[in-house]
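With the hints as extra help, turn the sequences into a complete structure.
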Amino acid sequence: ISDAFVYLSLQRKLGFDHTYLPLLFVATPAVYLTLAIPVGRIADRVGRTAVIVAGYTALLLLYVILSSPASSLAVVAMCVVLLGSFYAMTDGVFAALASSELPAERRATGLAVVSTCNDVGRLASSVFFGWMWSRSSPEAAARAFIPLMAVILVLAIVVIWRFRTNAR
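Per our numbering, the very first residue in the sequence shown carries number 1; after that it's consecutive.
It should be emphasised that the hints constitute simulated quantities derived from the structure, not laboratory data.
Note that beta-carbon positions come from the ideal geometry of N, C-alpha and C, so glycine has one too.
Check each hint, because a few of them may be wrong.
Said to hold, decoys possible - Computed spacing ranges between beta-carbons, pair by pair:
| no. | residue 1 | residue 2 | range |
| --- | --- | --- | --- |
| 1 | 102 | 17 | 25 to 31 Å |
| 2 | 98 | 77 | 29 to 35 Å |
| 3 | 152 | 115 | 14 to 20 Å |
| 4 | 140 | 98 | 33 to 39 Å |
| 5 | 107 | 15 | 45 to 51 Å |
| 6 | 100 | 134 | 39 to 45 Å |
| 7 | 148 | 73 | 27 to 33 Å |
| 8 | 123 | 78 | 23 to 29 Å |
| 9 | 23 | 44 | 29 to 35 Å |
| 10 | 128 | 44 | 23 to 29 Å |
| 11 | 122 | 12 | 17 to 23 Å |
| 12 | 98 | 33 | 29 to 35 Å |
| 13 | 102 | 123 | 20 to 26 Å |
Next up, the structure:
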């Protein structure tokens, strides 16, 4: 789901003043910038696929926290760290994985297709999340995303594993 929905869910859950919302839009990239290079080095050592799976696992944990009744400043901090970690473990690493699999003469087009598909998926998820939120609550919407995210994560692992195995 969009970062804005994550931040608005946190704001509603904790009831903090909306004037603090912009700080979340600053804190998340700060976590990302802090972790991007170290995570890239880890991906080079242990493999890109494992790091991407870890990133989506961080996102799944974020949804679990959003759906929980827990409400404290620590919840906000955990969510910001998880979201920033998700970006650090997926943005550059996903591009590196796709680049290594795409033929050189179609690499730019392939990366554009990958990015477009990712963004269309985020848009669809955000629309669905917003629709669910309007019918219930942010916590209920996040709870609905947990099993969906878990299933998609397992499917992605299977597809990536088969693709990487067949490529060898």
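Comparing the hints with the structure gives:
Here the CB-CB span from residue 102 to residue 17 is close to 46 Å, at odds with the stated 25 to 31 Å. At roughly 32 Å, the beta-carbon separation of residue 98 and residue 77 lies within the given 29 to 35 Å, and the hint holds. In this structure the supplied range 14 to 20 Å holds for residue 152 paired with residue 115, their Cβ-Cβ distance being about 18 Å. Residue 140 and residue 98 have their C-beta atoms about 34 Å apart, which keeps the hinted 33 to 39 Å range intact.
Checked against the hint of 45 to 51 Å, the pair residue 107 and residue 15 passes, with Cβ atoms roughly 47 Å apart. At about 41 Å, the CB distance of residue 100 to residue 134 agrees with the hint of 39 to 45 Å. For residue 148 paired with residue 73, a C-beta distance near 29 Å keeps the hint of 27 to 33 Å intact. At about 26 Å, the CB distance of residue 123 to residue 78 agrees with the hint of 23 to 29 Å.
Restraint check, residue 23 to residue 44: a C-beta distance of roughly 33 Å satisfies the suggested window 29 to 35 Å. A C-beta distance of roughly 35 Å is found between residue 128 and residue 44, which places it outside the suggested range of 23 to 29 Å. Checked against the given bound of 17 to 23 Å, the beta carbons of residue 122 and residue 12, roughly 21 Å apart, stay inside it. Against the hinted window of 29 to 35 Å, the Cβ-Cβ separation of residue 98 and residue 33 comes to about 22 Å, which falls outside the hint.
Between residue 102 and residue 123 the CB atoms are about 23 Å apart, so this pair conforms to the stated range of 20 to 26 Å.
Hint compliance for this structure: hints 1, 10 and 12 are broken, all remaining hints hold.
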